[in-house]
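Engineer: Residues per chain, in single letters:
Protein chains: 2
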Amino acid sequence: MYVILVYDFDESRVNRALQTCRKYLTWVQRSVFEGEISEGKFYALKEELRRIMRGKDSVIIYLLETGRYLKREVLGEEGQPFNVL
Amino acid sequence: MYVILVYDFDESRVNRALQTCRKYLTWVQRSVFEGEISEGKFYALKEELRRIMRGKDSVIIYLLETGRYLKREVLGEEGQPFNVL
Numbered sequence: 001m002y003v004i005l006v007y008d009f010d011e012s013r014v015n016r017a018l019q020t021c022r023k024y025l026t027w028v029q030r031s032v033f034e035g036e037i038s039e040g041k042f043y044a045l046k047e048e049l050r051r052i053m054r055g056k057d058s059v060i061i062y063l064l065e066t067g068r069y070l071k072r073e074v075l076g077e078e079g080q081p082f083n084v085l
Numbered sequence: 001m002y003v004i005l006v007y008d009f010d011e012s013r014v015n016r017a018l019q020t021c022r023k024y025l026t027w028v029q030r031s032v033f034e035g036e037i038s039e040g041k042f043y044a045l046k047e048e049l050r051r052i053m054r055g056k057d058s059v060i061i062y063l064l065e066t067g068r069y070l071k072r073e074v075l076g077e078e079g080q081p082f083n084v085l
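From first to last, the protein sequence lines are chains A and B. To convert, note that position 67 of the first sequence is 67 in our numbering; the numbers rise steadily by one, no gaps. To convert, note that position 50 of the second sequence is 50 in our numbering; the numbers rise steadily by one, no gaps.
These are calculated hints, taken from the structure and not from any lab test. Don't take every hint at face value.
[Claimed, not checked] Which stretches of chain B does chain A cover? Using the computed rule of at least three CB atoms under 8 Å from a CB of chain A, they are:
#, stretch
1, 2-16
2, 30-43
3, 48-60
4, 63-75
From a predicted model like this one, the values you see are computed outputs, not experimental measurements. Just so you know, even glycine gets a beta-carbon here, dropped at the ideal spot from N, CA and C.
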């Protein structure tokens, strides 16, 4: 499956969240990650993030069966190398 | 069409970006918006955002034909009222 993950972490935890997500997905903007992921790895990613999360930290994950029909438009500067296009 | 919009604006411009996006879409997390939108309104939204954008400001918009098959998982606290579910 293809996922788009967006997080909102407290400054004190955001680096750990970033390092965790980068193990599984492509970093496309400051708090946005994308990529193809297996059910097993998806479960592991969520468990790792849950262990980091506290208080108002929040993660939204959009699940698509495939990224094939996903269209994107980017305005302005891409936050990070955008090698998922 | 259904869109997911994620932005990364400099602190000095983020409020204007927020007010602009809230006119067209539902605010679901600090820098994330979603919703059904017409081609005309989508064009207008992008134009308004372009007028605000400077330097490293960045917007990624994911376009889906419909939000009907879009699945979401939310971990932790939802940043804002989440009335798109």
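Engineer: Hint by hint, work out which the structure violates, then give me just those numbers in ascending order.
Structural biologist: Nothing - there is no hint that the structure violates, so all of them hold.
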